[in-house]
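*Asks:* Chain by chain, the residues run as shown.
2 protein chains.
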Amino acid sequence: MFRTAELNRTLARDDYERQVAVLREELLGLQSELQRADFPVVVVFAGVDAAGKSETVNKLNEWLDTRWLTVRAFDRPSDEELERPFYWRFWRELAPRGRIGLYLSAWYSQPILDYVYGTAAAERLDEHLERIQNFERALADDGALVLKFWMHLSKDAQKKRLKKLENDPLQAWRVTARDWEHWRLYERFIAAAERTLLRTGTSATPWKIVEGWDERYRAVSVGVILRDAIRRRLQERRMLKAVTDGVTDDTLQLMVERSMLPGQPTVLSALDLGRTIDRDVYREQLLQQQGRLNQLQRKARARGVTTLLVFEGWDAAGKGGAIRRVTAAIDARDYQVVQIAKPSDEELAHHYLWRFWRQLSRAGRMTIFDRSWYGRVLVERVEGFAAPHEWRRAYAEINDFEDHLIEHGIVLLKFWLHVSPEEQLRRFEERRTIPYKAWKLTEEDWRNRDRWADYELAVNDMVEHTSTRRAPWVLVESNDKNHARIKVLKTLCDRLEKAVKNGGNDKPNGKTK
Amino acid sequence: MFRTAELNRTLARDDYERQVAVLREELLGLQSELQRADFPVVVVFAGVDAAGKSETVNKLNEWLDTRWLTVRAFDRPSDEELERPFYWRFWRELAPRGRIGLYLSAWYSQPILDYVYGTAAAERLDEHLERIQNFERALADDGALVLKFWMHLSKDAQKKRLKKLENDPLQAWRVTARDWEHWRLYERFIAAAERTLLRTGTSATPWKIVEGWDERYRAVSVGVILRDAIRRRLQERRMLKAVTDGVTDDTLQLMVERSMLPGQPTVLSALDLGRTIDRDVYREQLLQQQGRLNQLQRKARARGVTTLLVFEGWDAAGKGGAIRRVTAAIDARDYQVVQIAKPSDEELAHHYLWRFWRQLSRAGRMTIFDRSWYGRVLVERVEGFAAPHEWRRAYAEINDFEDHLIEHGIVLLKFWLHVSPEEQLRRFEERRTIPYKAWKLTEEDWRNRDRWADYELAVNDMVEHTSTRRAPWVLVESNDKNHARIKVLKTLCDRLEKAVKNGGNDKPNGKTK
Numbered sequence: 001m002f003r004t005a006e007l008n009r010t011l012a013r014d015d016y017e018r019q020v021a022v023l024r025e026e027l028l029g030l031q032s033e034l035q036r037a038d039f040p041v042v043v044v045f046a047g048v049d050a051a052g053k054s055e056t057v058n059k060l061n062e063w064l065d066t067r068w069l070t071v072r073a074f075d076r077p078s079d080e081e082l083e084r085p086f087y088w089r090f091w092r093e094l095a096p097r098g099r100i101g102l103y104l105s106a107w108y109s110q111p112i113l114d115y116v117y118g119t120a121a122a123e124r125l126d127e128h129l130e131r132i133q134n135f136e137r138a139l140a141d142d143g144a145l146v147l148k149f150w151m152h153l154s155k156d157a158q159k160k161r162l163k164k165l166e167n168d169p170l171q172a173w174r175v176t177a178r179d180w181e182h183w184r185l186y187e188r189f190i191a192a193a194e195r196t197l198l199r200t201g202t203s204a205t206p207w208k209i210v211e212g213w214d215e216r217y218r219a220v221s222v223g224v225i226l227r228d229a230i231r232r233r234l235q236e237r238r239m240l241k242a243v244t245d246g247v248t249d250d251t252l253q254l255m256v257e258r259s260m261l262p263g264q265p266t267v268l269s270a271l272d273l274g275r276t277i278d279r280d281v282y283r284e285q286l287l288q289q290q291g292r293l294n295q296l297q298r299k300a301r302a303r304g305v306t307t308l309l310v311f312e313g314w315d316a317a318g319k320g321g322a323i324r325r326v327t328a329a330i331d332a333r334d335y336q337v338v339q340i341a342k343p344s345d346e347e348l349a350h351h352y353l354w355r356f357w358r359q360l361s362r363a364g365r366m367t368i369f370d371r372s373w374y375g376r377v378l379v380e381r382v383e384g385f386a387a388p389h390e391w392r393r394a395y396a397e398i399n400d401f402e403d404h405l406i407e408h409g410i411v412l413l414k415f416w417l418h419v420s421p422e423e424q425l426r427r428f429e430e431r432r433t434i435p436y437k438a439w440k441l442t443e444e445d446w447r448n449r450d451r452w453a454d455y456e457l458a459v460n461d462m463v464e465h466t467s468t469r470r471a472p473w474v475l476v477e478s479n480d481k482n483h484a485r486i487k488v489l490k491t492l493c494d495r496l497e498k499a500v501k502n503g504g505n506d507k508p509n510g511k512t513k
Numbered sequence: 001m002f003r004t005a006e007l008n009r010t011l012a013r014d015d016y017e018r019q020v021a022v023l024r025e026e027l028l029g030l031q032s033e034l035q036r037a038d039f040p041v042v043v044v045f046a047g048v049d050a051a052g053k054s055e056t057v058n059k060l061n062e063w064l065d066t067r068w069l070t071v072r073a074f075d076r077p078s079d080e081e082l083e084r085p086f087y088w089r090f091w092r093e094l095a096p097r098g099r100i101g102l103y104l105s106a107w108y109s110q111p112i113l114d115y116v117y118g119t120a121a122a123e124r125l126d127e128h129l130e131r132i133q134n135f136e137r138a139l140a141d142d143g144a145l146v147l148k149f150w151m152h153l154s155k156d157a158q159k160k161r162l163k164k165l166e167n168d169p170l171q172a173w174r175v176t177a178r179d180w181e182h183w184r185l186y187e188r189f190i191a192a193a194e195r196t197l198l199r200t201g202t203s204a205t206p207w208k209i210v211e212g213w214d215e216r217y218r219a220v221s222v223g224v225i226l227r228d229a230i231r232r233r234l235q236e237r238r239m240l241k242a243v244t245d246g247v248t249d250d251t252l253q254l255m256v257e258r259s260m261l262p263g264q265p266t267v268l269s270a271l272d273l274g275r276t277i278d279r280d281v282y283r284e285q286l287l288q289q290q291g292r293l294n295q296l297q298r299k300a301r302a303r304g305v306t307t308l309l310v311f312e313g314w315d316a317a318g319k320g321g322a323i324r325r326v327t328a329a330i331d332a333r334d335y336q337v338v339q340i341a342k343p344s345d346e347e348l349a350h351h352y353l354w355r356f357w358r359q360l361s362r363a364g365r366m367t368i369f370d371r372s373w374y375g376r377v378l379v380e381r382v383e384g385f386a387a388p389h390e391w392r393r394a395y396a397e398i399n400d401f402e403d404h405l406i407e408h409g410i411v412l413l414k415f416w417l418h419v420s421p422e423e424q425l426r427r428f429e430e431r432r433t434i435p436y437k438a439w440k441l442t443e444e445d446w447r448n449r450d451r452w453a454d455y456e457l458a459v460n461d462m463v464e465h466t467s468t469r470r471a472p473w474v475l476v477e478s479n480d481k482n483h484a485r486i487k488v489l490k491t492l493c494d495r496l497e498k499a500v501k502n503g504g505n506d507k508p509n510g511k512t513k
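Protein chains in written order, with the working numbering: chain P, 1 to 513; chain L, 1 to 513.
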């Protein structure tokens, strides 16, 4: 979930200055338009210590017109506040319609910290998160534009930043013993954070994860996301008005969704595609891992351990080949491969998840999805088959669906097979010239290729929203097919071995139904 | 919450036959229109045993065209089902777009029973309810019309029905030892039911509580609610289409919301307005209760026990008089009376609950709201100041708001002062003739009077949705002002006495913050 914010994204100074000059002007313009609008903008900042939450708020404070801005940071509750229900402090500071409110250490702070320090159990965290859901939904239902920024740093990066701050005489005061204590509790903090983001991120109240390492990058990212969100909302209001007024105007088209700055690395571009494996080593390892898989799947079958594999990836990235290397090792009665293409009429008449629910296998079997429900946030998003509100809410729907699987004890593995555009082109050309491969290449493949950047963005967002500790994405470097196949087999075997030992997946709460 | 379904509503046979003849035709017509629509109808039945769930489903099965109908009852999971995640059985039985699905003992059954039998803790129930929320929201987001009927009987009524069934040789098989066991667990069952309905009833997936005593009444009620919901949804789809097509048509106006059959008793009509109190007894009791209140409020102040009173009621029902009898007993520094009239500009610029949050007092004080947040579901609903989707979702927002208060330990009491239309008219006339009372009577009072039936319906719905075990509505028979005042004072004192003893309200979970 946070991997997309551990890519060392930075912004050079001159680039920064050029962008900020434009951005400030745009933000001021939107702010003045916002004054006549009928909704407030509620912006919440949370995240890892030293990831620049307050610095970013300071920057926005500098860029925006402070007359129409509310900035609030919440410390320990005052006596006045303690004598009222906890949310009183937040309600009274809410920005009115037409204004922007920036909130630091607000309603997310205490629930997460209570959990991290162990003063509150997981159930208590969940209760808090339900409160938050209700609160934010009430605001959003009332029209508020709710935006939440999670400023992120990896554990290493956090350490480096804390050290750096300590070494700077002007900034050293920022680092306290509490910060180092938090750093030691990093894993627990991230676990709470993931749970929090999963439960409170909705399409009406989305989280935006921002990498906090580079101060220029993070400030511009937040500024751009804020600008786009306000602009889009104002545009939607104008469109709605135009529609009800009967006006149609092409200039009212909604702009394309961009969740990150152009030119920045994605989870895919950060992969090392140079990884290869020697032909001889490959042959040996293939036999070895397939033998292992065969043994493991027999045990899994006997113990009722069900496995579900998802394969997604670029056209010609080698999904089919990888799948065949898996199935070759398994008794045909123990697996099924489900090819996901265009839905049938019957499937179209149901919720888009219905076709996947119906494919769930009995206990002890393996189901392999060649493409999957992730089509909703990949092809359907990029090609416009799903409207923005549909694919945006799909992240939560998919997480919920996978939660059903995991809670039932199913071993779930998701592979993204990644190749470079150059390698894909090479394979396309090869297909074109080899007769028995030519059928595989369609017009659509060439068309999809033109949208590489859009797909890459969609994959980045998909990993950000749906790679969780319980159901992580495995990104497979696939320029070398042999390396890809071995990585898939080995990951699968390792996971299955653990599951067979424990009699199911390693659900953190160990519940069984 | 269930009081509105314990009013012995019945339907005479000839009335029933007349209504059913029309209703069947309407339902068949809608069903045929539905076939071309792009959404399914998902109808869930749950409720008290012997309240006629399956009988009602049988009736619908008789009335509707079964070719376009899916009826499913879920028993113990099969082996096939046990080997998949629990919701698999529900997903695979979902009705496709254009069809109606009726579901018995479906996703609500097991969570509630597990809790009632004590095999699962409250946290487990909450987890199940969150699953349900996500499931139903996914369906609703996808366009499904989701309707949930809670068939209700009071504990006495349930006993009578079980006895009656046992005595009927043709029906005796329906009653099992399990039914009697459930009857003995009635209170626990109702507690779970209230929690379930509160958490899973949203404006997109509403609960409809239907009194299950009379088989004719309940069948027609369900049929009418179903008819109106489908008709409204089809109308909304047509309107949306008309708007996007640029067509405007007055016939597309949404019809008025009716949640119960006309002519049936409401919670208000079931009150005994003949209750009076002698003048001498009144004087004595007034002094006595005021003295008691004075003592109790001193203690409450000392112990930090905060009280919040809500007064709602008909115009001229005596809210002001009752409030003055309360405040007369209390130190002026310990209370404030908040008059709720038209919101200020500043208040209008915020969420409608903001103005109430800001009035919450410090610990140990009493705040009296003369009219309140309930205006949202009363005057704003009836006068159309709030759109249907706004006041419908307000029930959940209000319950959430009051939950904040109760969890904080605040003693919350809600009074509805009820007078008959005749008594109101008498008081209006009196006001008109007595000079020092004339200012109280406005044009608006006369106008509201014309909408008596709409208001009564709104009050009935309000009690149904917001009278909970932790924050019940106190319905006060107020044709006799003296009786009303004593009832208010006594209820308040009793409640405060308990709270002062326990150091807060009697929150069932005993949490403190």
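Simulated from the structure, these hints should not be mistaken for laboratory data. Some hints here could point you the wrong way.
Said to hold, decoys possible - Calculated pairs, DSSO-like style, for lysine-lysine (alpha carbon to alpha carbon, straight line, at most 30 Å):
| # | chain 1 | residue 1 | chain 2 | residue 2 |
| --- | --- | --- | --- | --- |
| 1 | P | 159 | P | 59 |
| 2 | L | 241 | P | 342 |
| 3 | L | 155 | L | 241 |
| 4 | L | 163 | L | 241 |
| 5 | L | 59 | L | 160 |
| 6 | P | 241 | L | 208 |
| 7 | P | 498 | P | 440 |
| 8 | P | 155 | P | 490 |
| 9 | P | 241 | L | 155 |
Every value quoted in this text rests on a predicted model; they were computed, and no experiment measured them.
*Asks:* Are the hints correct? Go through all of them and say.
*Replies:* Hint by hint, here is what the structure shows:
no.	hint	in the structure
1	159(P) / 59(P)	23 Å, holds
2	241(L) / 342(P)	27 Å, holds
3	155(L) / 241(L)	48 Å, violated
4	163(L) / 241(L)	53 Å, violated
5	59(L) / 160(L)	22 Å, holds
6	241(P) / 208(L)	34 Å, violated
7	498(P) / 440(P)	37 Å, violated
8	155(P) / 490(P)	27 Å, holds
9	241(P) / 155(L)	52 Å, violated
Checked against the numbered hints given earlier, the structure breaks hints 3, 4, 6, 7, 9 and satisfies all the rest.
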